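S.K.: Sequences and hints are given; from them, build the entire structure.
Read off the chains here:
Number of protein chains: 2
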Amino acid sequence: MVSPLILGLDADDTLWENQARFDTAQAKLRDLLSPWVEGKVVDETLLNIERNNVKLYGYGVKSFTLSSIQAAVELTNREITADLTTAIIESGWWIIKHPVEILPGVAETLKILSSNHQLLLITKGDPADQYKKINASGLSHYFRGIEVVQEKDPNTYLELLERHNVDVKDFVMVGNSVPSDILPILSIQGRAIHIPHHSTWGHEQVDESVVASFNFPVIESFSQLPDILATFSEN
Amino acid sequence: MVSPLILGLDADDTLWENQARFDTAQAKLRDLLSPWVEGKVVDETLLNIERNNVKLYGYGVKSFTLSSIQAAVELTNREITADLTTAIIESGWWIIKHPVEILPGVAETLKILSSNHQLLLITKGDPADQYKKINASGLSHYFRGIEVVQEKDPNTYLELLERHNVDVKDFVMVGNSVPSDILPILSIQGRAIHIPHHSTWGHEQVDESVVASFNFPVIESFSQLPDILATFSEN
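Taken in order, these protein sequences are the chains called A and B.
For the first sequence, position 102 matches number 90 in the working numbering, and the numbering has no gaps at all.
For the second sequence, position 146 matches number 134 in the working numbering, and the numbering has no gaps at all.
Hints were generated in silico from the structure; no laboratory data involved.
As the structure is a computational prediction, the values presented were derived from the model and not from experiment.
No copy is singled out in the list; a pair is fine if it fits within one copy or between any two copies.
Below are the EDC-like pairs computed for lysine to aspartate or glutamate, each with C-alpha atoms no more than 16 Å apart in a straight line:
| id | residue 1 | residue 2 |
| --- | --- | --- |
| 1 | Lys120 | Glu139 |
| 2 | Lys121 | Glu5 |
| 3 | Lys43 | Glu78 |
M.R.: This is how it looks when you write it as structure tokens:
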């Protein structure tokens, strides 16, 4: 029997590695700027610039590259060179061209899940980046719908659930980001399952006290999803 | 009586000014690089870089900004300075922050069209840029659907028409770009109306001989749409 539960699955760092690529590029930037400032200053400056730029640029590799160039202008006391600029641009290319690395257990588990549930892939970011990864992953056929959204806020979720004719009571969102995949869903009376990932972008980190006031299941790996969903269906 | 014809409307340079902003930013780039090379060389180099980068970056302001920085590195013989880099980044911000300027007659005509047809807004590009403009335009309520796509190729159109339950026989696409708004629609046996715009991006220009082999109506302004569509309905 197909469960009426519809699953929303985040992609970056839930189905495949993503943040680790940006972490590598950011380590490279710290290296490039080490003649001028300490790594800690690079991280802080870049995060501040990214926070400001997200309103203008949205998320993704191009946004990260432009913010990195801006950080380099600022932190080199305007001594930025052509070599430095080119290295930063190439670092962005490296992220874009990096093969998709599917997380352990994901492919097998998607096969099981898709025979029992309708699946929606719901990811935030730059569609140029996202569709490239979705196509390269070879996993897109498991999904009834693929949604690349600008922001994962409650209104975005409500709008897309309505468009897919899904009652939020029957919806379970699964992902690695508490502010993007979990809290907005709880706020619209949906259910959510958190699968933490080893690397989380500074912009996606939330205060522990905020998280503690909510109650949602946390599992260690994607492979545990069918078991935990079986307990959901009994509700 | 509501006509069964469903209209697809392009946005940039069909509903509002767009290319003119990029032209201004490109003129600024020619100015900035004038100590090194002639304007013509800037235009040619930038177009080549953009053509290569579109596969990695997609379209839009961030893509344009990164390509401009790359052109500046190349054309200054790697003497690019912080001031030059900052000026290019700010040129991109200027495009993003520029108020949406709706083309003459568009608002009135959309009101007429939307009472007789279902309208889909179909635009290519960076969703961060596009949704900002769509929201700022105040025109989004005229549309039954809004689609920001990566490429306007025949498959993209077929996929979105199927999703919106539109038979291509009942579909008319309207836009300023022959390769994006007209030719792919004709290739899937749909109909299309061309409204040329004073400024067209180099990447969107097509060979005259290609165009001459196809037959599609060309009108001078958006306000002429209801009249020409009246002749379509009689078919």
